[in-house]
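Enquirer: In the order they appear, the protein sequences are chains A and B.
888 is the number of the first residue of the first sequence in the working numbering; add one for each residue after it.
74 is the number of the first residue of the second sequence in the working numbering; add one for each residue after it.
Since the hints were derived computationally from the structure, they do not count as laboratory data.
Fair warning: there could be bad hints in the mix.
Not the full set, but computed from the structure, chain A residues with beta-carbon under 7 Å of chain B [said to hold, decoys possible]:
hint, residue
1, Y990
2, A991
3, K993
4, I996
5, T997
6, A1058
7, I1059
8, A1069
9, G1071
Predicted model only: the values in this text are computed from it and were never measured.
Here a beta-carbon is modelled for each residue, glycine too, at the ideal position from N, C-alpha and C.
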Amino acid sequence: MEAMTRTEIRAIVAQHKWRDALFVALGILALAIGILTFVALFVDMAIDGFGRLSVDFFTNFPSRRAGQAGILSAWVGSVAVMIVTAAFAVPMGVAAGIYLEEYAPKNWITDIIEINVTNLAGVPSIIYGLLAFGLFVYGFGLGQSILTAGLTLGLLILPIVILTTREAIRAIPGMIREAAYALGATRWQTVQHHIIPYSMPGILTGIIIGLSRAIGETAPIITIGALTFIAFLPPSPVSMAAPFLSFEWLMSSFTVMPIQMFNWTSRPDPAFQANAAAAGLVLVIMTLSMNALAIVLRYRLRKKLAW
Amino acid sequence: MATQKPSLDAIPIKARVIDLDFHYGDFQALKNVNLPLHDRRVTALIGPSGCGKSTLLRCFNRMHDLYPGNRYDGRIELFPDAIDLLQRDVDPIEVRMRLAMVFQKPNPFPKSIFENVAYGLRVRGIKKRSVVEDKVEESLRGAALWEEVKNRLDDVATSLSGGQQQRLCIARALATDPEVLLFDEPTSALDPIATGSIEELISQLKSRVTILIVTHNMQQAARVSDFTAYMYLGEVLEFGWTDEIFLKPKHKHTEDYITGRMG
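Whenever a hint applies, use it, and build me the whole structure from the sequences.
Expert: See below:
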């Protein structure tokens, strides 16, 4: 074969570069569709709802008069449900993830459990709602309470927490683990002193991503029968008199942000649409700030870890 | 070099491998290995890649127990108590408390320099601050690292250079006063200067502790070890005084490997 001339080489390079440029253009287009859709939705919601945002909006209960209606019971409900969700899903998910990575024998039972956990992450959320309706509301007699909602959403995000915990643990190099064992550490010492601290950035990220998914969930909450109009707050968890701490709030009925929104969007009065948009704005900002927190935490904690 | 060596029988034995076979699943990695470790001497394991040097080394502290499907047949006796390290009812954690290991790549924990050296004590439940501080200093001095890090003990260990990290790992291994130190190609990730300082350290340490070192570097084996075992395809083909192995190997194989005709 004869050597190529410079013109030939240039023609070939130019052709290959054209394909490069084509892929870049496709990639940018795909990204733009995703981002622009979100931005358009967000801006539209901001235009409709921004005028309604005020201190009163956060401190007022819902009302028949759109102008006086607020999201107090909704955001308090969301926060309360998230606390139960986290209290349930975090210890269970992290423990399950650690068990699967560090303790479980590698056999077919473990394989089946792993496949199931992965599949659970893809089960539609309404199925969790139906399960919770039968199990928590009637089976355990927990009623349509904050506890029921928290446990339901906890189940929903459990696979997310398990999977991110496992990924975070897998990112720890084997030689670090071996270093601990070689010094005579037991499995639990290795987990407690090394595996948990070093996988914490990843685990935290998973928890927050899971919670930010849970806070926007509507279907399972509706299925278990959350009320759409709540003009009271759950009983306070702390009091001045003994015993100072109370868990009555767990059994209180409640509403959450997405349900409040759903309730307002189904009203004919356009003034309520503005309320819905404002509540949506608050919800999106809550979710985005949780994701931002996840990114900041991960970045700051990872900086300290190097191998 | 070969003058006035004590006879092999005159040097006490610290550990002895007896008829050891080792399997990774169906693959037999070690075949009928017999090897003595002489007390407070350096024994080098040499041989081509895949010959089983590291596998043999990792039998001593039962590292293979961490992974499923591995099987030991045979014995490794540790003296003076003549306990068989491989026996099923001997807990690998007990074994690892007596034999420390330094790995191929420096693997400090992403914790402070102090915490790294103190970790072995922490695992043993030793908490008294003054005891731990003394031991950390002693170990860092033993690993010839004290002068370089004494003012930055709280810095994260990964901020050290590669050679310093490996000396830190040696200090970490020394902190618990092991009876045997296992080195698995400890300088293969280091530059020549760092390698030199580790080799010097090994020569100093042998007055205190019995050392087994895997190395792929012939010069290193010749420089640091008293005894050398040449391994090939999972067997120990030849064992003896290092100078004898290098100057007049009995096996053609050993000679070919040492002179670079095979490897």
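Enquirer: Against the earlier hints, flag every one the structure doesn't satisfy and list their numbers going up.
Expert: Violated hints (numbers, rising): 1, 2, 4, 5, 6, 7; every other hint is consistent with the structure.
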